[in-house]
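Asker: Take these sequences, add in the hints, and give me the full structure.
Residue numbers (my numbering), protein chains in the order written: chain A, 1 to 312; chain B, 313 to 376.
It is worth saying that the hints were derived from the structure and are not from the lab. Just so we're clear, the structure is a prediction, and the values are computed from it rather than from any experiment. A portion of the hints provided could be inaccurate.
[What the hints assert, rightly or not] Cut-off 25 angstroms, straight-line C-alpha distance, at most; resulting in silico cross-link-like pairs (PhoX-like, lysine-lysine):
1) B:Lys333 / A:Lys23
2) A:Lys5 / B:Lys350
3) B:Lys331 / A:Lys9
4) B:Lys350 / A:Lys23
5) B:Lys327 / A:Lys5
6) A:Lys307 / A:Lys141
7) A:Lys5 / B:Lys331
8) A:Lys9 / B:Lys330
9) B:Lys350 / A:Lys7
10) A:Lys198 / A:Lys141
11) A:Lys23 / A:Lys5
12) A:Lys7 / B:Lys330
13) A:Lys23 / B:Lys327
14) B:Lys331 / B:Lys350
15) A:Lys266 / B:Lys333
16) A:Lys96 / A:Lys141
17) A:Lys301 / A:Lys39
18) A:Lys7 / B:Lys331
19) B:Lys330 / A:Lys267
20) A:Lys184 / A:Lys266
21) B:Lys333 / A:Lys9
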Amino acid sequence: MNCTKCKTKAVISLPRHNAAFCKGCFNGFVHDQVARAIKSEWMFGKEERILVAVSGGKDSLALWDILLKLGYRADALYVNLGIGTYSEQSHAKVTKFAEVVAASHGATLHLHTVEQEAGAGIKELAQLIHRPTCSTCGTIKRYQFNRVAIEQQYDVMATGHNLDDEAARLLGNVLHWQEEYLEKQGPSLPASVEGFAKKVKPLYRLSERELAAYAVLNRIDYIVEECPMAKGSKMLQYKEVLNRLETESPGTKQTFYWGFLEKQSKKQPTATTMTEKDRAVLHPCTSCSQPTTAEVCSYCKMMVRAKTVVPR
Amino acid sequence: MQVQLSHPARTVEVKGPKKVKELLRELNLVVEAHLVIKGDDLVTEDEMLYDVDQIEIRPVISGG
Ligand SMILES: [Zn+2]
Ligand SMILES: [Zn+2]
Chain A
1 MNCTKCKTKA VISLPRHNAA FCKGCFNGFV HDQVARAIKS EWMFGKEERI
51 LVAVSGGKDS LALWDILLKL GYRADALYVN LGIGTYSEQS HAKVTKFAEV
101 VAASHGATLH LHTVEQEAGA GIKELAQLIH RPTCSTCGTI KRYQFNRVAI
151 EQQYDVMATG HNLDDEAARL LGNVLHWQEE YLEKQGPSLP ASVEGFAKKV
201 KPLYRLSERE LAAYAVLNRI DYIVEECPMA KGSKMLQYKE VLNRLETESP
251 GTKQTFYWGF LEKQSKKQPT ATTMTEKDRA VLHPCTSCSQ PTTAEVCSYC
301 KMMVRAKTVV PR
Chain B
313 MQVQLSHPAR TVEVKGPKKV KELLRELNLV VEAHLVIKGD DLVTEDEMLY
363 DVDQIEIRPV ISGG
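Answerer: Structural data, given as structure tokens:
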């Protein structure tokens, strides 16, 4: 199989684009897709400071790499969740990337360790407060990324969510008709109220396989091992189903998610937009002052419960 | 050929020559969820693999 563009030997075929690429042309394709996402969704400009949420996985490290190579001012934050050797290994991959690649672009890595904060790793914490580990992890990550973005005055927060993540989440929301979540599934969420950072997903045009290929081709050393807490999760099941469909009919995932985005954008603006709704219900947490719908935010509630169960 | 797999990590022996596409089908693996790496290089589905080759089939799906 030869490269569609330059006719040399291809390293990857992309059935959904009816194309195959060599390494050079594939990198060009990936950078192009991210640049298109940033532009079409008004994500950020060259002057703005971006905080990338990195996990040590392929998507977030590839995102950091791409943004730096496209000439953006992107720093990163890694939240160490204290999940045994998994966290140790992913922490090491992130540190290595920061030293070997990011530092040469003048970019900085911020670190936050959950164990130091709460006195317990994520698994212990989840058990203490009787909540599933993945949702506890999600709450902590979202909270810490927002906190660092606001405190360090970043203009925007970028996460490595790819086409597969978004299509799987959309499938889950549609299967359960969780319409209230659909509004928040766009790749660019504005900073609706003071204290909430703007959030963007510059990788929504690229599949998980394309991002893994980008990491392999560019020798980005990432953690291949699955998070031990995510085994058998609903998200993984949705992704598996979608990939079976994609293999049979290339383009299924993008038709599903991009089609949804297109429909959303054409919708007549409803009486209250998301921003207005957020403004109406959100106010500062009485304990930490991050925006919340309750008096005390879910993160602070969680920490209070954790601390009452294990007095330190 | 030696084929290295993940989740869980293991190695299996598969008889060549064989195209990447056929190898994935034989192991019941979906193309869209995997990358095939020969030595250090990424290869496309029509690549012919021989008994001397070192192959890694890397899953690309993550939980998040
Ligand atoms: Zn080419
Ligand atoms: Zn709070």
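Asker: Next step is simple, just say for each hint if it's right about the structure.
Answerer: Here's how the hints hold up against the structure:
Between Lys333 of chain B and Lys23 of chain A, the direct Cα distance comes to roughly 20 angstroms. Compliance with the 25 angstroms bound is thereby established for this hinted pair. With a C-alpha separation of about 23 angstroms, the suggested pairing of Lys5 of chain A with Lys350 of chain B holds against the 25 angstroms cut-off. As the CA atoms of Lys331 of chain B and Lys9 of chain A are separated by approximately 16 angstroms, the hinted pair is consistent with the 25 angstroms bound. Restraint check: the Cα-Cα separation between Lys350 of chain B and Lys23 of chain A comes to about 15 angstroms, which is no more than 25 angstroms; the hinted pair holds.
A distance of roughly 34 angstroms separates the Cα atoms of Lys327 of chain B and Lys5 of chain A; the hinted pair therefore is violated under the 25 angstroms criterion. In summary, the hint linking Lys307 of chain A to Lys141 of chain A is supported, as the alpha carbons are separated by about 19 angstroms, within the 25 angstroms threshold. Proposed proximity of Lys5 of chain A and Lys331 of chain B is supported: the alpha carbons are some 24 angstroms apart, at most 25 angstroms. Between Lys9 of chain A and Lys330 of chain B, the direct Cα distance comes to roughly 19 angstroms. Compliance with the 25 angstroms bound is thereby established for this hinted pair.
The straight-line distance between the Cα atoms of Lys350 of chain B and Lys7 of chain A is roughly 21 angstroms, inside the 25 angstroms bound, and the hint therefore holds. Taking the CA atoms of Lys198 of chain A and Lys141 of chain A, the gap is near 15 angstroms; set against the 25 angstroms cutoff, the hint holds. Of the pairs offered as hints, the one joining Lys23 of chain A and Lys5 of chain A holds, with about 11 angstroms between alpha carbons and a cut-off of 25 angstroms not exceeded. Between Lys7 of chain A and Lys330 of chain B, the direct Cα distance comes to roughly 24 angstroms. Compliance with the 25 angstroms bound is thereby established for this hinted pair.
For the given pair, Lys23 of chain A sits about 29 angstroms from Lys327 of chain B by alpha-carbon distance, which is inconsistent with the 25 angstroms threshold. Taken as a hint, the Lys331 of chain B and Lys350 of chain B pair is honoured in the structure, with Cα atoms around 12 angstroms apart against an allowance of 25 angstroms. For the given pair, Lys266 of chain A sits about 40 angstroms from Lys333 of chain B by alpha-carbon distance, which is inconsistent with the 25 angstroms threshold. Taking the CA atoms of Lys96 of chain A and Lys141 of chain A, the gap is about 21 angstroms. The hint holds against a cut of 25 angstroms.
A C-alpha spacing of about 38 angstroms is found between Lys301 of chain A and Lys39 of chain A, which places the hinted pair above 25 angstroms, so the restraint is violated. Our distance criterion of 25 angstroms between C-alpha atoms is met by Lys7 of chain A and Lys331 of chain B, whose separation comes to about 21 angstroms. As the CA atoms of Lys330 of chain B and Lys267 of chain A are separated by approximately 50 angstroms, the hinted pair breaks the 25 angstroms bound. Pair hint Lys184 of chain A plus Lys266 of chain A holds up; C-alpha atoms about 16 angstroms apart against a cutoff of 25 angstroms.
For the given pair, Lys333 of chain B sits about 17 angstroms from Lys9 of chain A by alpha-carbon distance, which is consistent with the 25 angstroms threshold.
When the structure is compared with the earlier hints, violations turn up for hints 5, 13, 15, 17 and 19 and for no others.
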